[in-house]
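Novice: Spelled out, the chains give:
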Amino acid sequence: MKEAGVDLPQALPSGPSAFIPIEEILEEGAAQEVMSGALLSEGRVNHINMMMGLHPTYLNCFLRTQNALLQLDGPLPLSWRHFIIILASARHQCSYLVQHHSTAFLLAGGDESWLRGLHCAPPKIQHLQTLNKLLAHRPWIITQEHIQELVCPGAEARWSLAELIQAIVLMSHAHSLASFVWGCGILPEPEQSGDQSLQLCSPTESCSPRDKARNHQEWSEAVNEVKLLMERMMMVQQQGEEFTQEEMVTRFERERTESLLEHADVQRSVLPDCFSRFVVDADFTYQDFSPRGVQAPPTMRAQDYSWEDHGFSLMNRLYGEMAQLLDEKFQVVCALTYHTMAMHSHVDTSTLRKAIWNYIHCIYGIRYDDYNYGEVNQLLERGLKVYVKTVACHPEKTTPRMYFSFWRQFRHSEKVHVNLLLMEARMQAALLYALRAITRYMT
Amino acid sequence: MRREVTSAANVNNDSTSASPERAHLFIKGQCVIPYEDVNRDRVNVCVTSRTDCHARCNFYLELRLEMEKMTRVSTVNGRTMFCHLDAPANAISVCRDATQVVVAGRNIFKIYGLEEEGFVERLNLRVGRKPSLNFSCADVMWHQMDENLLATAATNGAVVTWNLARSCRNKQEQLFTEHKRTVNKVCFHPTEVNMLLSGSQDGFMKCFDLRKKESVSTFSGQSESVRDVQFSIKDYFTFAASFENGNVQLWDIRRPDRYERMFTAHTGPVFCCDWHPEDSTFHMHKVLHRGWLATGGRDKMVKVWDMSTNRVKEIYCVQTIASVARVKWRPERRYHLATCSMMVDHNIYVWDVRRPFIPFATFEEHKDVTTGIVWRNQHDPYYLLSGSKDSTLYQHMFKDASRPVDRANPEGLCFGLFGDLAFAAKESLMTAPQSVGDVGRKTYPGGDRRYPIFFFKKPDVTEQFAQVSSALSVFESEAGSSVGMDWFINTAKSYLLSGKPFAELCEHNAQVAKKLNRPQESTTWTMLRIMFSEPANPSLSTNHNLNKSGNLPLVNSFSMKEMSAALNERNKENRQDNLHSLETNLNNNDENEETEGSEGQAEYLFGDAELDDDDLYSMEHDNQAAEEPEYLLPQEAFPLRHEIMDHPSAPEPVQEKPESPHVSGSETESTCLTPMESINLISVSQLLFSPHLPPKFFCPIVKEMLCYYAEQGDVQMAVSVLIVLGDRIRKEIDELTQEHWYMSYIDLLQRFELWNVSNEVIKLSTCGAIMCLNQASTTLHINCSNCKRPMSNKGWICDRCHQCASVCAVCHHVVKGLFVWCQGCSHGGHLEHVMEWLKQSKHCPAGCGHLCEYT
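From first to last, the protein sequence lines are chains W and A. With this note's numbering applied, the first sequence closes on residue 551, and no number is skipped along the way. With this note's numbering applied, the second sequence closes on residue 2182, and no number is skipped along the way.
Hint data in this document are derived by calculation from the structure and do not stem from the laboratory. It is possible that some hints are incorrect.
[To be verified] Straight-line Cα separation of at most 27 Å, DSS-like style, residue types lysine-lysine; simulated pairs:
1) A/Lys1827 x A/Lys1507
2) A/Lys2058 x W/Lys335
3) W/Lys232 x A/Lys2090
4) W/Lys493 x A/Lys1820
5) A/Lys2030 x A/Lys1820
6) A/Lys2058 x W/Lys232
7) A/Lys2058 x A/Lys2030
8) W/Lys493 x W/Lys505
9) W/Lys462 x A/Lys1507
10) W/Lys232 x W/Lys335
All chains should be modelled from the sequences, with the hints used to inform the complete structure.
Specialist: Next comes the structure, spelled out in structure tokens:
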């Protein structure tokens, strides 16, 4: 080939992820059965499914939900559903999802001209833009007025509540899936035109930290880290210390406002055209909660509006099947554990999982009265926090370095597990805010 | 249980559990409290057995007596009233003597006094500048033995007790922080002063002795969060706990290691449970009796369980419209319970569990979800207190409740698909006019098994629903009578809605209508054709029509009117001759059309086996009728038909025509016609000669016509015209009306199982909402033919038995399209293959030896 003088494009890293070597995925991919299901329905297993295949129980649920959301009965036409996904994933500059669903959009009989940009879509879809923006970056701002604007009977192209709720699920699904794609470094499918500018990273970069990790000294260091973490988990589980109210609130606020993002890359790159045409107000992004007192948005108390009690009931009323599926998905992801941690087995990881879940809800402004946010600080090392917060709030800024710098001793599948938790917690948070707004609109 | 119980409980414990029940009744029997609903017989029975147990339960009796006196005395005459709270309430509880109520929420913890005039704030328990989360209450309970004792469940996992007798401002007495997560519920023991139970999100229940600093025992549900815990009222040691995963567990407080019994009550979380208060009037015959437990869940159901049997049995089930947040039995009413919901629905309902379809009473005062309900007094069924997220506290009077039953219509009337009429009404009403019911009437009295009546006949004293026992009558329409809906079916099948040029469609439909003896519709179609055909080249369309049907469009429109008029008035004999000739001509046309346009019948070749015969028959029958000269149809059918379906325009043009001989015969029928229409018809006939009138000109008229049809109940016509005219008229009629018409028509079509037609209509409709219908319910769930399990996967391989499902018995390949099977042996395969096979053999292709029959 080289002799022929053909200018070869840079060889794409093989496999589904830029972060995880394909061998590892195949090794651990015990999901043969679920995979074959996906294979049968789509003719192939895409990269996302391969990654999730590391956790077959979850993949099963995920596929069912996604299938119901995109294929089965629902108030929105099929092509619209894909278009909404495109809009939503464009907010996080996720070329993987945009391309995948552009194809699906056309297959579902969508109007090709819509793909030229949001302005070519019907006004009804354009109206979604505000909600899309808020759901993606600052869901806590959503109020009943936003819902009213869309559902208000006077409006030209009004949304019915049933349609709206499907759109909301679609959008939050796409946002969180975009987090997963960036968080796991999912590579474009072979047939997707490999737009070089959108490559996540070069393969060399991706592999080097891992090699370093094998370095002996770091190895032992990492082993110690794991040990330390396990000790802390034990401690957290046993401790019965009392805290004052003040202390608890301060801890929550500290986690919430902690600024973890690297400000080095502030210079805002211009959004590539393939996204900008679907995005309005691209500068609107997640904003750190300002320190307490300075116009801090109100905290949402998990006890006042929870998925189990309120969210589900409302969703069940408006979009029954989806409520059941989501409920199951949340349950599965919260219960998912193999009782292993890095090289240790028979470990109760519930406190760790809970810490990650609550941390994500915390950065989305949801507070559990009955949770001690000091645990987050004890259990989640800074590297992990940086990674989690980046992937949850600014997924497009995820770098391989972030991925490799936390939990160096842990298996890749465990890091994917973190991503699953992250994705679902994020989705639930966004859904809760949106559903709360709808509840208020309805009452 | 340790021997630390008070003496009262000791007595309760020692005596058999049946005795307190009886004791209670003695109080009633001695008319301490005049109960209106005590059954005389039962009182007598009790009095006889009184001596047996008197000694044993003497102490207990006195205690109860004293308690009841207290509660009785304090009862005041109240009214429906409310007060504003500062913050949303999460729970409320009332003190024993029903004079005070405590309201707890995230930002509120106050005690209000219940005065005759209204609520008076007595005490604010939220003290301190920055109240801790311990004040953020998920639940509150006032002790029913000690009026100074309260307990709250805090969202941060603390269980707090409060002593109102403390002299300082802070009434907090004890703080238990043993739960790791939010405590959802606290519950005092009904008779034991120092025993408190809590249930938490962390899945544990804890029993506290208030004299100790720590919990006495911990119960692990071994499952998810505990949503509610309730001590049994009857059984000293038992409590029930409901869980987020749908289970309900029964525990004995003496045995923290294992639950006594568990059953799945709901799908999804069980938010609440409540023991039946068990008034002594009931269940006296049962010796060891735990009674009923009501549970409410996220699945929108309230279920009542009989806990006294070995196997827990669901005895009643009430379906509500939203997830059930609280349930409380109504005092003194055995079958009544109150519920409120967690989301969306703000009302409080009181149900009679035996009549689960309609609430017995409704309180509609709250503007946001009701979070706490409690009956003001344990022995008074007329006062209900409720707190809500809308920051109000209400006292509801039962007499002010709205009674949905009163608004419900006790008479029911329904038309069957084929013109049968069913009528249900009070029996008293039905028996009187027996003589009136004449032809085809069958009366089914309440006891008839074939037509079950859903009313309870046995009167109950506590039953306060109006006793309605009803009779159901079914009036069957006579075969072939005009009430029947054959015309509808035939029209639906024969109308063409698309696929041809506009003029042809109109012409075809006009013919169809005429053939079915519906002259007005026929005329309408013709007029539409004339109005909306291209004005530039009328000759073309005319020619076209001439060739096609042999009718002159212009002349035809009038001659047909005459004809129809003639049908109604027999005395126009002078015209009948030439009409007759014309008609036979038309009928010939009809016959021709029938032979070629038999698509309606073609469907039946593989239609549903059940209805085949009937429908085919009715079709043939009608066709025959159409072939006969129409004026021979029995005249009597017409007036009746006009009463139900209005087809008034037939005689109309005759009136207007100057040379019309006389119109008297049709006067009565034409009264309901709007004058506009007649003018319309005439003006059309004149305007046709000026060919430059734009079709738009007619739109308002056509619009009115469509509305007229729709209002007359002939939505079929309205929709058909709407579809055929398409863009010509669509803009004139607002979207909602169109949608409404479409929905009605589609509904009708589907009731007649005219799936193909209904689908065509859906496809041709332009309303977004209608087109969406085709995207709904397109999923077909199939079971594997081998292992009979549902096929969850996509594809054709069952993921359980790894076999191909639905294999063709002839070619042994998977059938992916039409699958036909024998109902005898359930073997089958590709339609073509089976057809071919059956040409050669009569036996089943699978070789099972069955002589297959395919219809």
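Novice: Provide an ascending list of the numbers of those earlier hints which the structure does not satisfy.
Specialist: Of the numbered hints, 1, 2, 4, 10 do not hold.
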